[in-house]
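A.B. asks: So you can see what is in the structure, the chains are spelled out below.
There are 2 protein chains.
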Amino acid sequence: MSKSFFPPVRTLMGPGPSDVSPRVLAALSRPTIGHLDPLFIDLMDDIKRLLQYAFQTANALTLPISAPGSAGMEAVFVNLLEPGDKVIVCQNGVFGGRMRENVERCGADAIMVEDSWGTPIDLAKVEQALEQHPDAVALAFVHSETSTGVRSDAKALCELAKRHNCLSIVDAVTSLAGIELKADDWGIDAIYSGTQKCLSCVPGLSPVSFSERAVKRIKSRTTKVQSWFLDMNLVMDYWGAQTRRSYHHTAPVNALYALHESLLMLEEEGLTASHNRHASHHQALAAGFEAMGLGLPVASAFRLPQLNAVSVPAGIDEAKIRQLLLQDWNLEIGAGLGSLAGKVWRVGLMGHTATRQNVIFCLSAMEQTLQSQGAGIHVARALPAAQQVYNKIAPGAA
Amino acid sequence: MSKSFFPPVRTLMGPGPSDVSPRVLAALSRPTIGHLDPLFIDLMDDIKRLLQYAFQTANALTLPISAPGSAGMEAVFVNLLEPGDKVIVCQNGVFGGRMRENVERCGADAIMVEDSWGTPIDLAKVEQALEQHPDAVALAFVHSETSTGVRSDAKALCELAKRHNCLSIVDAVTSLAGIELKADDWGIDAIYSGTQKCLSCVPGLSPVSFSERAVKRIKSRTTKVQSWFLDMNLVMDYWGAQTRRSYHHTAPVNALYALHESLLMLEEEGLTASHNRHASHHQALAAGFEAMGLGLPVASAFRLPQLNAVSVPAGIDEAKIRQLLLQDWNLEIGAGLGSLAGKVWRVGLMGHTATRQNVIFCLSAMEQTLQSQGAGIHVARALPAAQQVYNKIAPGAA
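Note that the protein sequences, when read in sequence, are chains A and B. Numbered by this note's numbering, the letters in the first sequence go through residues 1 to 398 in order. Numbered by this note's numbering, the letters in the second sequence go through residues 1 to 398 in order.
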């Protein structure tokens, strides 16, 4: 016979999930009501409005897909692409590669524009690809590469897409609420995100938004969307504006309570304040790591405040350090992925996790753990360096 | 500015979600940990074992899809079918039709075997179809039609499939834990369910299981699975038996805490006791409705205890009754779907909802509400009729 599961209280400073606020966990566990209950329909409308705020868009087709970010990515591609379509896909990390998988499984052609992992997408290469492939229907790229901690210039990429008459498809899984993101101002046509990153909601939902141009394309398809579950023509009837909502699938009611609460907290704080908070704590954390003597492989101009790649010192077993942090400190940080596996850690400062308390805690725990494993780091320098940043850029930040 | 959402406490007696136990809601809101945390990996193993018990299977590929039942259905079809495959699909309600949608979106051919809504699948017609289409690769059917409240003979259908060298694909969304279901004994090759029915967990997950024969087919595909998110070749690496689990997507951690707790409650009660509980309360509820003079359109031999179709009396606005029940009694019952819209209500007794308290409450609320709207029903007869059932078949049931 099994037993009930009581998880430990971890501090989640990996690539997501991030720490979920007690307010969000409380909302999550409120009594379940029906997915067609009039009160739930009202809640859906409010979630939609709050998501429009988070994405900075007036797009009518803005809603959370009832599945994780990977399904949000898939929803965008299967709805916008038809077999034979050509798409320019930028890859500078794991998630550009996943985009390619999605494009190809739609029977479409992915023209890859590749950049080194740890660097942003090169605009010149993208422009060249767009010129070489005037028949491409879309440009797809990752705004914040979760696998490397790199930010690319989403605004400039969307402008390039527009100039070449392509739809822009943007992966904003790690961006949303963490760094500036303006779907309408930048002319984004399709965007998807996740709930377990800078929104600090539980994992399992994927907010998406489609521009009018994208919706027009979805409605004028000549083939059916290959996924019934993700077909926006059908999902629209449940999340749409009409007075009578029609059943499509059973919405994850409690997860949506949680998403609502986390979006509400974002609205209360304000998007700009949220971005500034992520930036401040990132600067303190980065200063601490550098003072310790740890390298930050991403050039400072392109670093994501919410996800910090940190080089593993020579001779150190990176998995052992993560294991000790988890075991002795209840602190989770992330491993490197793909070509960065074994070479970097990924230290997240996402959403509710981005506090001074966590920055200080993480620097202390890493300093002591690295020292215990014989890493040649500078001790007792990280905390003063972090505090100096707080004193300078955000006096009183907590 | 929006406000936090505080749902009312409803009694959920529709077609799902059903009432979620406080134990499950408490598990849901425990602190989030990482989806690759060793403690979470252990929990996944326990969930797998408990799902094997619930499905009565030893299938290694048994896991919850990170999305609702519709995605579970899609996972089964996209993994097992390749373009050009032929599948016999039985339809006697809404969900057989959804199967057809899935088959066709895989580029496969659906040979439909249709029966009237409200009746079970006709074995003779299925056998005929299997004989006429010896090249069919699978037989797909709904065990418990949630749209009509009808149970079909899954065991006999699986035998027919086997005899004609077809894989059997079974929709058990409303069956699991509510009525007898034996995946291995019956030779089921692929099965999917939902969490929000007789498991009384929150909506949003879909338990699935694949036989060795099905796994062999998935591994020997000549084309890629059209969905990256649902590709079992990839999902297996996260949920599989190997010591090192590889990242596929971020699992819905908290929803899985809840599923674990609900499966644990099922194991504690025992499958047979759970089936008997559903059957007893169904008999009391049905006796009450009949004593009131309400018709039950499904023949008694094929009724699902967990989902009761009840005919709407002549001259009564069915939506108005549901609205009054919700508003004045906080009681949710379901509307008819498709060809039964406006003609029946669907009254659920699923999982945690299947109690004597709810049976008595529902009969009382419906009697008073129908009477207030001028329906010609027999008053004061339903409760004694229900109590008589309890006295006879389950003395002391509560």
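Please keep in mind that the hints were generated in silico from the structure rather than gathered at the bench. Fair warning: there could be bad hints in the mix.
Stated by the list, open to error - Keeping only pairs whose Cα atoms sit at most 25 Å apart, straight-line, the calculated DSS-like set for lysine-lysine is:
#1 K125(B) x K86(B)
#2 K86(B) x K3(B)
#3 K86(B) x K86(A)
#4 K125(A) x K155(A)
#5 K343(B) x K392(B)
#6 K224(A) x K224(B)
#7 K224(A) x K86(B)
#8 K343(B) x K224(B)
#9 K182(B) x K155(B)
A.B. asks: Indicate, hint by hint, whether the structure satisfies it.
C.D. replies: So, going through the hints one by one against the coordinates:
1. Of the supplied pair hints, the one linking K125(B) and K86(B) holds, its CA atoms being roughly 17 Å apart against a limit of 25 Å.
2. Taking the CA atoms of K86(B) and K3(B), the gap is about 52 Å. The hint is violated against a cut of 25 Å.
3. Note on K86(B) and K86(A): the hinted pairing is violated, with a Cα-Cα distance of about 30 Å set against a maximum of 25 Å.
4. For the hint pairing K125(A) with K155(A), the CA-to-CA distance comes to about 16 Å; that is within 25 Å, so the pair holds.
5. Among the hinted pairs, K343(B) with K392(B) is inconsistent with the structure: their alpha-carbon atoms are about 32 Å apart, more than 25 Å.
6. Our distance criterion of 25 Å between C-alpha atoms is met by K224(A) and K224(B), whose separation comes to about 19 Å.
7. The suggested pairing of K224(A) with K86(B) holds, with an alpha-carbon distance near 19 Å, which does not exceed 25 Å.
8. Annotation: proposed proximity of K343(B) to K224(B) is violated, straight-line Cα distance about 44 Å (limit 25 Å).
9. A hinted pair counts as satisfied when its Cα atoms are at most 25 Å apart, and K182(B) with K155(B) qualifies at roughly 8 Å.
Hints 2, 3, 5 and 8 from the earlier list are contradicted by this structure; the remaining hints agree with it.
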